[in-house]
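Following the hints, complete the assembly by docking chains B and C onto the known chain A.
Protein chains in written order, with our numbering: chain A, 63 to 377; chain B, 2 to 585; chain C, 36 to 354.
Calculated from the structure, these hints are not laboratory results.
Treat each hint with caution, since some may be false.
[As the list claims (entries may be wrong)] Heads up, incomplete: computed chain C residues facing chain B, CB under 10 Å, no partners named:
(1) Leu186
(2) Val193
(3) Val201
(4) Ser259
All values derive from a computational prediction rather than experimental measurement.
The beta carbon of each residue, even a glycine, is placed where N, CA and C say it ideally should be.
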Amino acid sequence: MSINEPHDPAVEIVDMAAVARAPLEPAIPATDRKSIKRELRRELFRTPSFIVGAVISLFWVACAVAPGIFTKWGESDFVRNSDGASIPRASPRADAWFGTDTIGQDVFARVIYGADNVLITSPIAALIAVLAGAVLGLVMGYFRGWADEILSRVLEAVLSLPVVLLAIMAVVTFGSTRLVLILTIATLFTPVVARTVRSAVLAEAQLDYVTSAKLRGEPALFIMLREIFPNISNILVVEFTVRVGYAIFTVATLSFLGFSVGSASDADWGRDISDTYSLIQAGQWWPAIFPALAIASLVIAINLIADSVDKVYSS
Amino acid sequence: MDWKRFDSLRSTAGPIELDLVEAYAQNRIGRRDFVKRGTIIGLSAPFMGAIIAACGSSSDGEAAAEPTAAADSGGSTDAEPTSAPAAAETTSGGNLIVGNQFGDANSGLDPVAMLDLGTYNIISQTFEYLVGLGADGNISDNALATGWSPNGDGSQWTFDLRDDAVWRDGSPLTSADVAATMDRMVEFGNSGLAGVIEAGSVDSSDPSKAVISLVEPNGNFPVLVSIFNPQSCITRADYSSGTTLNERDEGTGAWMLESFDPSTFDAKFVPNPNWWGGSTILDSLELRGFADIGTAVTAMSSRSIDVIQNFSVIGGEGLLDDAAFSVLTPPSSNHRQVWFNVQEGDFATSNLVRQALGWCLDREQMVSTLFSGRAEIGNDHPILSSLPFFDADATPQRTRDIDMAKSLMAEAGVDEVNATFTCGDLGEVPDLANIIRANAAEAGINLTVDVQSNSTFYGNSWCPGPSETDPTQPCAGSGSVGAVDYGHRPIPDIFLSSALSTGGVWNSSNYASDTFDGLLSDYRTAPDVASQKTAIGAIQKLMHEDQPALYPYFFNFLAGHDENVSGIQATALGHIVTSKASKA
Amino acid sequence: MLRYIARRLALSLITLFLILLIVFSLTRVFPSEPARQLAGPFASEERVEQLTENLGLDDPLPTQFGRLVRDVVTLDFGESFSQPGVRVLDLIRPALWNSAKLVILSLLLVLPISIFGGIMAARKKDTLLDRSIVSFGLASASIPDFVSGVLLQFLIGVKLGWLPAVSNAPDDAGLLTGIKFILLPALAILFVYFGYIARITRAGAIGAFEADYTRTAYMKGMSSSKVIRKHVLRNALQPTVAVTGTQMGYLFGGLIGLEVVFNYNGLGGLIFRAATAPDFPLLQAAVLSVAIIFMLSTLAADLIIAWMNPRARLDLGDD
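Just chain A, same shape as in the assembly:
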């Protein structure tokens, strides 16, 4: 829903589904909620797409945590043949499954080592975005009125800013550190989450249990946190998984454009693609394509998880 990402899958569907559902179903009392959640979780773990997605994601997490298990070469070691000469730009071979890159580093090792960068930045950015978005969405959806109007305008303004611009400004001002990258991405995603949460809160706020809570004289904060929030937590879970997928994409794109974190010799999927994509037309496709496939596989995995979570929780 912003101008920064090419995808925004389940958001609209969730939106309209929530709105469609609202007038018909009664609210769920708290005691049954726990057992329902347990049931849903069990069903989730049996869904094939969830399993596939989880397995792939766990593989990459393992790479991030213990890269040494998977590859004997370090991320910036030079692959050398028997007489000690380094072999740059060598096509995939026995001692370098994904071939070597521009200066002779092992592409497979760099793919494995590159996982941690993406996997640290994306979930944290998504988490911050979801939390901030939830807060804003609750405030806007519950209170409406001036707060809603003003915040909507501000969020719309932020949504309209190109991610490139924000990234450049943030990096120029604060330096290109991981924290800056995380906060930049979180800032960009918060309005999207806030919008979704707002629609859901709007629907929930019309329901009887909220009205009765208001009549009882409960303070607004209590209503938002104890009554409404648990009922929209499903949406937040879905949003989180979706946002992680986008964050991975955005991190890769920003690295590609030159906003990567850390030393240039560290493995980073986006930066590695940026450094080597021009080799493709010389026939050396492997240094750029394998990191791209890594990104794709991770994004697909996350999307599979998001899809199955959404399917299970909205039935």
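Frame of chain A; chains B and C shown alone:
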């Protein structure tokens, strides 16, 4: 040896010419060096031919014994700066599209202030130089000056201007234009001429002769007003500094600027009907800007463009293997300088530590990995081995020797060094940085590579600016170590003066050595090759001792064109000379 | 309806003002010495000071902002900082037009193909065809746009030579030639968006196929193609329209990767160059252009949805 003929010729020469002729006659220099040096100081081709003939064939044998490598002044085995001239029956006409480097958006097409290869290329299509480019890649008298000669000690040079060069309105080129141009360059602080000439150095009393008086004698001056000092193109006397080409198109050259689109860096040219060199064979010319060299290579592979200004070996293999593509390799002393900030930072404490890094470098790996062999390993000083005054004995070639590096560090009392290595995102430089990082790790030098965007790099890490208080720090606050690019110059003067002399504008090392400055002056004022060699040899030794910077390699500059194009000349500074180009 | 449009436009103005404020703050308050960056590392201090004065960068911030607002209102953004003497509008116009051409061609490819794919997948729900379409869409959408761009460029542009590898059409190119030159980047965009649009359409179509009014239509004896045309499409496509509307901002201003790869002078690259220069007038104007396009397209999408779905018109305050 025809002494009688030689004597009569000898009598017509001035002292500098004489020294050179005698050196050749006495077999102290070979024929190729004689011709190169002779061209620089302004000996005409017939004169040199006569000398060579007078000296007979015995000197040819000596020439073979000279230590100069097969190349003239570049790393390639066969410098090929010029494509084959057009065949007698060429189709005239056609539009030529040249893939050009995207210029720095901020400087505009300003002939005095320009700093990037893309702008050099555009400007040189309409503006011309006193000293031009010869077919062999050296300077030649085929541009605005038909000849030149020094006075007795080389402190004053007289350039004969051609009488048929005109500006757009038909008024002729005069020495007043040359005087105004030189003054503009001095005022701006042109790095090639800094310290060489001052304001008002040109005597333009005779409109057909520009008499230039130098601060001190300099045997290489003509190179400094040639195409190899790109900002020295001659502009009109009433041209004011800061004017860009697209604001005011005034040039003596073969092409006129028809349109310029800054957002695509695209320049279109039409022939100049008043050009002194006749008419261009082509109907029109387009220099198209490419922000990314890889995209330019793709465009060349698919023949969306006819000529490519520059491409690198990495990613360019497709072109190198393409039988229908002609590669141009102009003589090139292009290199990367790995500077150390010798006044503050992690490498400022001891020159031994700096030397240690030099001994860590795996130069062979760099040349084979980054250039597939199309480069020459360097020896941590900016003197190309093929130059006549290079002293091969002064500094033996360094090789990778980790033990040596470790012992130097031990001698300096240093266990390990931790520093950030900065570089711009230009060409293969980030890859070079990564190789250096890996090379140095074994000796306990731990470098973190920081690749910055070009706009950040030059202004923040390479040379932030002169110190307000300390004149020995022209680039105070530069990074402790990093890599920067240097474009080709046929003589290393700029590499020595601007980059290494005290207060030099490009001196990112903040190196300040009176000894060095003195030796530099000795070299510049040296009247003959032998004394140049003495000074340069001492400089080489001093570099290895003080080690303000490392020079890992000199690499070939690659350009090229489709086989249907002929008559193109390239320089390693990005010029593509198209005045007599044609397209089948 | 008119009241709704007027209200939306008024609200948009507030948002645009906020965008202006944000962009202004980002550029003026944070990075240091824009004049130094513009003049280059070798310019003298005097030149930098002169430049600062010329560009009005040393005026108090409110004055500068006021000047910006005036520029926007009069649609005269002045001259570019980095290209002296060149008007900002002259730089934006060609980039905007180029981006528009690419977007139009991309939509002409993406929408019919994706919508058709989505509806087919919905009709044959849970069959092999359905799963293939969804899987393929998921996969192609997970590859970053610059990667598919490079692959297409290499395979089709260089190796096979069927299409120009670089998108620099000659000035006098006609319509067909122009299309040829931007077909490759448009195909890259198709790869990126097919999965997304197809899945959205599929979800909407499934909902429509299973709805009561559809079943009623079938029972009344309508042929399936007529059912699709009269009932399903209208309802299934609402999310699709909504989503397309929100993506316009990205399509105009976010395709910088593709623009670099294909050497195409579009808005994305313009914003990038303006932000790194830094060229404030150009940057402000470019960001505003994208924002305006974004808001107009979401408004248009909402209006189209209202036309498609009479019930939604109620939400818009139609009487």
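Each hint tested on the structure:
no., hint, result
1, Leu186, "violated (12 Å)"
2, Val193, "holds (5 Å)"
3, Val201, "holds (4 Å)"
4, Ser259, "violated (46 Å)"
The structure fails to meet hints 1, 4 from the earlier list, while all remaining hints are met.
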